[in-house]
Every structure is written in C-alpha cells, then in structure tokens.
Amino acid sequence: MNPSIRVKTFKIDDRDVSAREDETILAVARQNGIFIPSLCYMDGLTPIGACRLCMVEIKGSTKLFASCVTRVEEGIEVITNSKRLQKYRLRILEFLFSERNHICSVCVSNGHCELQSMADQLGLTHVRVPYRYPIQPVDATHERFVVDHNRCILCARCVRVCDEIEGAHTWDIMGRGVEARVITDLNKPWGESESCTNCSKCVHVCPTGALSEKGKSTAEMKKKQQFLPYLTWIREGRT
Amino acid sequence: MSKISFATVWLDGCSGCHMSFLDIDQRLIELAEKVDVVYSPLVDHKEFPLAVDVTLVEGAVSSDEDREKIINIRQKTKTLVSLGDCALTANVPSMRNPFLVKDVLDRAYMENVTINRQIPREGVPRLLPYSRPVHEVVSVDVFIPGCPPPADAIYFALCELLEGRMPDLTGKTRFGA
Amino acid sequence: MTPEELYQIAEEEQESLKRFHFRMFVCTAAGCLSSHGDSVLDALKKEIKEAGREEECLCKGVGCMGLCSEGPLVFVEPDGVLYGKVKVEDAKEIVESLGKEPVARLVCPIDLPFFTRQKKVVLENSGVIDPERIEDYIAHSGYEALVQALTEMTPAEVIDGVFKSGLRGRGGAGYPTGLKWSTVSKGVGGAKYVICNADEGDPGAFMDRSVLESDPHRVLEGMAIAAYAVGASQGYIYVRAEYPLAIKRLQTAIRQAERCGLLGNHICNTTFSFQINVRLGAGAFVCGEETALIASIEGKRGQPRPRPPYPAEEGLWGCPTLINNVETFANVPAIIRNGAEWFAAIGTEKSKGTKVFALAGRVKHTGLIEVPMGIPLRDIIFEIGGGIPDERNFKAVQTGGPSGGCIPKEHLDVPVDYDSLSQLGSIMGSGGMIVMDESSCMVDVARFFMEFCMTESCGKCVPCRVGTAQIHDFLQKIINGDAVPDDLEFLKKICDMVKETSLCGLGQTAPNPVLSTLRFFRDEYVNHIVNKECTAGACKVPAKQEVHS
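Chains as they are written, first to last, in this note's numbering: chain H, -19 to 219; chain Y, 173 to 349; chain E, 10 to 558.
Next comes chain H alone, as it looks inside the complex (with noise of 0.2 Å):
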C-alpha cells in the first residue's frame, strides 16, 4: 500500500468512522454497514456517479454529493437519509420505471432484480411520473445470451466491466438522452460481435432482466457476482 496515503475520520449519520483518504463515501459507508442506496455503482468497477441515488449531504453544504465518487475528508459530516434525499430517491426510481417498460411479473429477474428490490426497500409504490411506453428492440442473435433494452437502467455495468475486467469493450452506449442503447461492436447483432468472448461477466453484473441467459427460468436466473471482487482481489494484489 502507498505510505503517503493517509487516513481520515469523520461522522456518517453521526458515527464515527475511518477511511483512508482515497476511498468514497460510498465505500466507507458499506464497510460500516450503512445503507446508501445505488444501482449504478458496483465493487470491483469505476465509479461513475450515473444513477444519482448515492446521494448525500454534507453539513453546511446546500448542495447534494454522489457518495460513489465522492473523497472522504477529515471532519465531514455526512448525511445519508433526510427527508429530502428520501424524495429525490424516490423520484429517481420513478423516472427509472417511467422510462421504459418495466413490467416486473413477466421479468426473468423478477425476484431477483436490483430495481424491483430497491422500490420495495425504498418503499416505492407507485409511480406518479407518467410512463413512456418506448418501442424498445429485444436482441436474442447471442447463442447464449440476451439483451432485452426494455428493462434497461443504463447503469453501464456491463460496457464497464467488459472493458475493465474483460478487456474485450463489446459494450459501448449510442443515442443521446433517452433515446440512448447500450449497443454490442458498432451496433451490431450480438450474435454477430467479433469481440465478445462470451464471457458471461455483463450478464451477470447486470442489475435488471436487461440482460440475461437464454432458456434460463425466472427462478434460474440469478446473478453471480462474486466473481468480480474477487477478480479485483487478485488483480490489485490486496491483502
């Protein structure tokens, strides 16, 4: 580990805690058993602030921080649940299942899905944004797998880790705003990528039923995602 790096106190949800200067909140937050919630950050992948439900508040700021990309700092004091971040939260769940067609009871993550779980442990019941009902393309061209952009988060889990982990960058985002896809080599077939190696790791890194293995039941599918801390254990050489 680098010598110069040093280590910080400071309080979440007035406790004391301790984290080198390096890592986020986010992290310190979960090695302490505090729940922020989150659907975009994974263990083991670059953090990129996308879903925005990580945020938080600092004392004496008015403004909201992504707690998965956010440094700790000496004496913060870090507020992860106020009403008001309650709401923004909710509303983002909303805005996730307005924009495509989430329709759980027919999912082959239902049960098992990182949405689902957090509507339920965040206490959404219903959404008051009204739905967009897009036209959304089903890719099943893979031999083993398929991806299903109605249930799409746009979480970028899977263009992640197959860059960073795989090394094969199948994966890439096209389109803007919410016309934006996740899309396989330059938007071609996925059963038609050069790249792919079939690896499996976007399937099973990804939060929804967007993308899931073929001829796998709802019960069957479920994520395993040990493997890419794991894989960043060895790689990093940690202790």
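Hints were generated in silico from the structure; no laboratory data involved. Just so we're clear, the structure is a prediction, and the values are computed from it rather than from any experiment. Beta carbons are placed, not taken as given, at the ideal position from N, Cα and C, and that holds for glycine. Be aware that a few hints might be false.
[Unchecked claim] Using 25 Å as the maximum straight-line C-alpha spacing, the simulated DSS-like pairs for lysine-lysine come out as follows: (1) E/Lys501 with H/Lys67; (2) E/Lys309 with H/Lys168; (3) E/Lys129 with H/Lys43; (4) E/Lys69 with E/Lys58; (5) E/Lys501 with H/Lys63; (6) E/Lys129 with E/Lys94; (7) E/Lys508 with H/Lys67; (8) E/Lys94 with H/Lys67; (9) H/Lys39 with E/Lys508; (10) H/Lys203 with Y/Lys274; (11) H/Lys63 with Y/Lys344; (12) Y/Lys274 with E/Lys486; (13) E/Lys502 with H/Lys39; (14) E/Lys502 with H/Lys63; (15) H/Lys202 with Y/Lys344; (16) E/Lys309 with H/Lys181; (17) H/Lys43 with E/Lys508; (18) E/Lys508 with H/Lys63; (19) H/Lys67 with Y/Lys344; (20) E/Lys502 with H/Lys43.
[What the hints assert, rightly or not] Selected chain H positions facing chain Y (Cβ under 8 Å, derived; list incomplete): (21) Asn81; (22) Ile83; (23) Val86; (24) His92; (25) Gln96; (26) Ala99; (27) Asp100; (28) Gly103; (29) His106; (30) Val107; (31) Pro110; (32) Tyr113; (33) Pro117.
Please arrange chains Y and E on chain H, whose structure you already have, making use of the hints.
Quick look at chains Y and E alone, frame taken from chain H:
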C-alpha cells in the same frame, strides 16, 4: 359497532388479485364480521352503492368502460385501494401501450387468425389509447403492489385500514411479487 | 521571431495600408456570407480593377462588423460610410462614389446607439482586419502581448495580471480566470494542456464563431499566453464541425503563426514551445461541458464525469488542463497589452470588462454586440437593439440559452453582470440574448428549450436523461390543454429535483427556462391549463377535446 361497507372491483386484470384475496382463507370469516361486502365480482350486487367505505380495485384502466366505472367508484368511495400491479403500474395490459390500438387489434383479430377474421366492435367496450394505472385516472389512497399481492399483505393492509391506519407495506410485498 | 522582427512586420503592414487613399472593408463572416458577402467582395474588386483604381483603393474581406441584420456590410474609409444590404449590382455605383457623395440608398447611419453604445475589447479587430492575414493582425498590435509576456514577464506575473484584471470565464459560469490559471500552474503531472472551448451550442448564440472567423489570431495569442503562464506546451481548440469557416480560418491562422515562429518550438527565441491542434466536435451540445469535451478529445464518448477532480487538477489524459472559452482567451492579449488596471476599470465591481452578446429575436437591430458589464438590459434592447419592431410590446428577454431564464419587463433595469442575472434565475451564459415580444408564448418558449435539453442530454445520469423528457412531456401536456392546476406544483418539484441531482451543468441548469417562466409568467401557464387558452395566441390549442387521460 356498525360494519364498514366494503367493495371490490375488477377492471383490466386477470382476477389473480381477487384469487389472492380469497387466499386469506379462514381469516375471511373474521373479516366478514367486520365488513359488509356491498359490491364485488364475488357477490351478486349489480349496482355500485352510493357510499362505500373501502373499495379494492384490481386491474388497469384500459377501456372507456373501465374509465367510466372507476370515475363513478371514486366518487362513491371513501378509501380507494389499488390492489396489485395492474392497478398500480398497468402491468401486463400496458404491454400493448408502445403500439397503436389499431395495430394491436389487427394483430390479435386479423393477422394471427385463420377463420372468421373480424375485429369485435359490437357489445364490447372501446379500448383507450393507453392502458393506464388507476392513479393516473382518479386519486388513489392506498397502494398494494404485487402480481398478485400475497394474501398476507392484503390481509395486513385491510386490518390496518379497519383500525383506521394507513398501511405501510414496505417489505411485505413488491412489484411483481 | 524577435520583438524587433514583429515590430518590423507591423510597420511594413501599416505603411502598405497607408499607400491606399481609399480602404474598403467587406464583411466575410458567416452572417454576411449567407447573404453573399463574398460575391460582393469579388464584384467590388472587379469594379476597382476595371476603373483602374487599384493603386489608390484597397478592398479586403474582414470579419464581423456586428450589424448582421443589415448584411452584407461594406465599410469605406476615409469617408466613414457604412453600406448595408449591398448587392453585387451595387458594386459599380459604390466604386464610382469613392471620394464623392455616398450612395444614399445603401447608407447605414453609424451614429446609431448600436455602434456608439458599444465598447470593443474582444471585437476590437473584428470588421477591421483581414482574418486570413497574420500581418494585418500584427499591424493592429497583434502578438505584442505574447512577445511582451515571453520577454518581459514571468509566468507568475502573467497570472497575477489576469487575476488582478478580474476577468471571469466567458463560457457562462463566470469562474475567475486568474484563479483557474493559478490552479493549473500549480498542478503536478508530466504534461499540461491548454484547451480552448469553441463548442458553442446555445440556440441563437454565435459569439465564438464570430470571434474565430473575424480574429482567429487573437484566440491563438490568448492561448499561447495562457500556456506560457501555466506551463503547457500543447493546446487544443475544440470547435464544432458546424463552423467550417471558423475551422478553415483557424487552421490558416495556426499555419501562419507557426511560419512566423509565434507558435511552435522556441517561440521568440525563448525556451517556451507551444503547439495548437484543432479538434472537431461532432455536434453534441454536452461536449461544451468541460469533462465531456475532454473525453471527446481523448476519443471517447462525449459524456461528462463527476467533478472533482476538476480538469485543472486531472484533465486531458489525466494531466492538469486549463479550459477556457474562446471569448475568455480573446480578452487576454488586451489585458496583457493594456494592463490589468485598464481592464478592471471597465465593468462593475464583481464583473469586469466587456461581454459579447448575440442579440437576436424581436429587436430592430440584431447582430453581434460588445458592451461593458453592468449596462442595464433596457439599454441593450431599446438603445443598441433599437427597441421592438412592428409597434409591438416587449415581453421578455432570454439570456443564457437552454441554461438560462427569461427576464420580464419589470426587471429590465437589471445591470448585466454575472450576479444580478443569476439572482433573477437566469445566467449570463455564453452570450445568447433572445428578445421576445407579446406574440411569444412563454410556456412554448420553455418547452422549446426543454426539448433542446432533452435531445442533447447525454443520457448518463437518470435525473437529466428522464427528467428532461418528463418535464418536456408535462409542458407539452399543458400546451395541449390536458393538464390540471395541480400539475404546476408537480412540475416545479420535478424541476427542483433535476436541478439538484443531475451530474453536470447541462442537467443542473436545464430546468432554468421552466423555473424562470413559472416565476415571472405563471399566469400564462394557468391560462393554458384553466382556460385552455394561449395568452400570446402563439400555440395551437386543440379545441376542447374529449378527455382521454
């Protein structure tokens, strides 16, 4: 103590939520002591009464008949409960929403049919452009997610309502459950 | 290039200008080109040749003269006559009139407040010099500041000068430029970079384009001075591909400056070396956001990333990077040449210097203007802009493009500076200024800008991606007459949420046009919702339709 009046209604849904409601089994008898079922597909009342304390709605608002019904019911109901994902999110009925009604009907009654191809128009309600969650049409007081919501969650919610409390269903049911 | 050589070029060029008795300047910036300014230039040259007056009359293409609504523009010295809406057929007459009575039907008065109320710093050479000749720029004190900085000042002194001048970023946010430079200069890393943000994308804004087309060397000089100050040796100009003329002139200017030894290795025989490359943007508005711009230069998808770390610390390829807007760099040579005190004397206490605006919409004189900071909005619109045409009434002025807001007539006396405009829920922005009269529906204006943000959102963070689409749909619903009064409160809540939770400036400011019109023109929203009527009569409101909620 006078019994509270209780109704259930079935819009665009599969009736699974009503089945799940029946799944509260012997507790139905306890419930029956406290409530008066004044309107429901499970009983034989033809008209929705003028004043109802609690109404459970199953299903999405998909046709002009659904819309008329729910607007009428809302006016006559004190506490309106959306029961199940169809009422909450329009769920499976909403899968037609990305497409035009005409295309959906064509697909169902023309393209995939070999004999007697025609789109039914007589005696059936007209489909609305979108299948909608109930709360987008009228205001809703209580939401019970689930496809269907587990019997325990329904029973819990009803008990809380009978006690005059707003039920908090966090952890008891979820979308798609 | 030594200072002596530079002065020699300047003198020679000035001498050669003096040889001509008449000098004719024809605007060849994009505005006048679109009304065939280039043909006018050719026709005038031809007429001069045919009249055999080539020895006494110079005719050259120059940059933007500002009064775009009257283009193509031709200015004649020493007569001091400005001709507007000149056609090819008028060339002969204009040449014949040299030294005599001007062609009355084409004359634009130049004692208008449009000209007299302006204060030119950034645009001092625009419409005066030939943007494709470095000698012309040098003859107008060009590169003097760079030479001065390199030979007489330390980097710290340059930064101190910019700091003391009070210059703030002209891209819109108004971050103190000196502070940014000093941060980058202190950054540690193998290399450092200077980037000029010329990805101007606000609807109706063309300040940067005009500066690049009219005076490209000025921007190069500003960048070189900045690079010297922060210790960078590589610079990039990120300019949108929709500006082909600006790109061409920039590339010409870079080549010329390299040939003269004003860019490249060992500039002015010092150890300072600086290269500039042009990078083209592919049309994404969000690439004007600095982190997205950097990603784009790196060859990645142009998406913003969370800050900190700021580019000043970790920018292009992880190195300390200075990013400033075109206009910010264009101010620098004048500050170095004339001194920080001179610059600080212009403007207000907290907003120094001048600001260039693209004045557009319902005013008599539209075009490019430069005014001292602190000038009241009213003076810009009613004096410089000449007021509202067609005897209509002023309704609102939109500043800051899709990130800004609409300012109503009650606040017309607000001084134009960073802080006063943000107090009104708008921003200074990069300089777009759209004037609207009573025929504009403010709900529709908000919808227009929201549609822009919706389609330009990169889609990375949820609040901006979905929020802008939801807000847009709500506004459309209001215009269609399908909304209910409660929707207004809900709309405001969503706007506040998008503002507070979005990742980058695009999302954080996208709700501003809605929030500011809700604040000042709530009655128009209510009228749309309750009476299903458009106050301005601009929107097509469907006749009371059957409710299909």
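Outcome of the hint check:
no., hint, result
1, E/Lys501 with H/Lys67, "holds, 14 Å"
2, E/Lys309 with H/Lys168, "holds, 19 Å"
3, E/Lys129 with H/Lys43, "violated, 38 Å"
4, E/Lys69 with E/Lys58, "holds, 13 Å"
5, E/Lys501 with H/Lys63, "holds, 18 Å"
6, E/Lys129 with E/Lys94, "holds, 23 Å"
7, E/Lys508 with H/Lys67, "holds, 14 Å"
8, E/Lys94 with H/Lys67, "violated, 57 Å"
9, H/Lys39 with E/Lys508, "holds, 19 Å"
10, H/Lys203 with Y/Lys274, "violated, 39 Å"
11, H/Lys63 with Y/Lys344, "holds, 23 Å"
12, Y/Lys274 with E/Lys486, "holds, 23 Å"
13, E/Lys502 with H/Lys39, "holds, 23 Å"
14, E/Lys502 with H/Lys63, "holds, 14 Å"
15, H/Lys202 with Y/Lys344, "holds, 21 Å"
16, E/Lys309 with H/Lys181, "holds, 22 Å"
17, H/Lys43 with E/Lys508, "holds, 10 Å"
18, E/Lys508 with H/Lys63, "holds, 17 Å"
19, H/Lys67 with Y/Lys344, "holds, 21 Å"
20, E/Lys502 with H/Lys43, "holds, 17 Å"
21, Asn81, "holds, 7 Å"
22, Ile83, "holds, 6 Å"
23, Val86, "holds, 6 Å"
24, His92, "violated, 11 Å"
25, Gln96, "holds, 6 Å"
26, Ala99, "holds, 6 Å"
27, Asp100, "holds, 4 Å"
28, Gly103, "holds, 5 Å"
29, His106, "holds, 5 Å"
30, Val107, "holds, 7 Å"
31, Pro110, "holds, 7 Å"
32, Tyr113, "holds, 4 Å"
33, Pro117, "violated, 11 Å"
The structure shown violates the earlier hints numbered 3, 8, 10, 24 and 33.
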